[in-house]
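Sequence order for the protein chains is V and S. The first sequence begins at 1 in our numbering and counts up one residue at a time. The second sequence begins at 1001 in our numbering and counts up one residue at a time.
Cut-off 30 Å, straight-line C-alpha distance, at most; resulting in silico cross-link-like pairs (DSS-like, lysine-lysine): (1) V:57 to V:17; (2) V:69 to V:57; (3) S:1049 to V:71; (4) S:1049 to V:57; (5) V:57 to V:71; (6) V:17 to V:71; (7) S:1069 to S:1058; (8) V:65 to V:17; (9) S:1069 to V:57.
Hints are computed from structural coordinates only; laboratory data are not their basis.
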Amino acid sequence: EAQVTQNPRYLITVTGKKLTVTCSQNMNHEYMSWYRQDPGLGLRQIYYSMNVEVTDKGDVPEGYKVSRKEKRNFPLILESPSPNQTSLYFCASSPPGHSSRTDTQYFGPGTRLTVL
Amino acid sequence: AQSVTQLDSQVPVFEEAPVELRCNYSSSVSVYLFWYVQYPNQGLQLLLKYLSGSTLVKGINGFEAEFNKSQTSFHLRKPSVHISDTAEYFCAVSDHGQNFVFGPGTRLSVLP
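Make a model of the complete structure from these sequences and hints.
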């Protein structure tokens, strides 16, 4: 089944404890992206990746890191989480095409993170 | 930089009534426009998108949207809603870059 998977789905942690949220897609998509969803703010893009070893900042990259060593995986890293990073996080991917900005994004199920 | 406004944070409507969810955007360049739906406890899925051509776009589940360049709008409509349409709806734009900007969302509640 074609899908985007995220792990963990739920995570409660404490301030300053490094964590990684994994994202994996099995559709051979080139474009991958991370969003956070907060009430009243919709989804805001954190980072995106056009292809392996190519990443770029979205609208709210502060406090986050990403890497794209393999096409299928795009982990989100919080080196020193803070309470304002408590949010619902979504990973998404788009199929290869002449322009990923026109393509449908396929979203993962989300990861609910709470930082105490 | 572009932005997206969804004026209605919540829209209650009775079953089988028509609905319109409003979306306005601002951008200094041409954009591509999308509507996504999020059912409770799920990720987002694409309803429809406007890339070029006909300004009336038809999507899944009986939804359609009309692109109006002069009013910078991309309102979503459905002539008759069902209980199963209860969800949150997000309008999004993408410009010549590779990033997407989403609106704050409109929560549609379909009442029996």
